[in-house]
Amino acid sequence: MSRSVFTSMGTVISLLTPGPQPAAHVMADVEREFYDRDQRFSLYRADSEISVIARGDLPVVNASGAFRSTLNRAAGWEDATHGAFRTRAPDGVLDLSGLVKAEALEAAGNRLLAAGDANWLLNAGGDVLVAGRNGPIPWAVGIVDPLDKAALITSVQLEGQWRALATSGIAERGEHIWGPPGHADFLQVSVLAPDIVTADVLATSIMAGGRQTLEACASRWDIDALCVTRDDQLFITPRLRAHVTAAFRSGAADRRSVPDAS
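Take any residue in the sequence shown, count from 1 to its spot, add 327: that is its number in my numbering.
Read the hints as simulated data drawn from the structure, not as lab findings.
Have a look at the derived ranges for each label pair, beta carbon to beta carbon:
(1) Pro521 to Ser329: 21 to 31 Å
(2) Gln539 to Thr338: 26 to 36 Å
(3) Gln560 to Ser331: 34 to 44 Å
(4) Ala393 to Gly419: 21 to 31 Å
(5) Leu385 to Val571: 45 to 55 Å
C-beta: ideal position from N, C-alpha, C; glycine also.
Taking the hints into account, I'd like the entire structure generated from these sequences.
Structure (structure tokens):
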């Protein structure tokens, strides 16, 4: 097993491969997908394109093509989720952080595949995208318990319809997800999907929109979800519940499961 690690976007990104590491120029391309987006979309950088726009020094219509592409994609998700996913903070500032890391993972994965690297796991701050297998077995990832960071709620294998896992929550960063009043049902949401953008966007959307958004998303997209409520109950979509590979932590037997979405 080979492991490469670097930092960007305020988090740790790691690449696991069952064989040798990708070539140095491929790893440089992978890292560049994160660094370039951080330089363009970070509101913590005064010189980023989005910060210049936020100050009013650059009209959105004059932004770079890469910026407008991500903005249009985010706006499409905002429409598709009926506003559960948002492109602006409550103060009106344009904020595309709900999409940018997932896009970086997506682009980095495409770089690896184009280079002929068929088996790998990319992890960016707990959001995971995989290709192929971990040698003879599927890639397996754990879902951390938000009330006990040293414990896992369960582990899942990323194969078949699941190639990506994204988790959104407030246990570590506090109330940083914006949603309509009265819909803050969940402490943490983990979404499994065929691609990382869908997983990440819908994890954020379900966190913001609560149980109603969970049911709507599970009906519309090919996803599964494990949600921890604020009173420490579990909502699990049926297909995921049938594939759980690790026992729930002690006392979890009474947790509820979400009914079949239709």
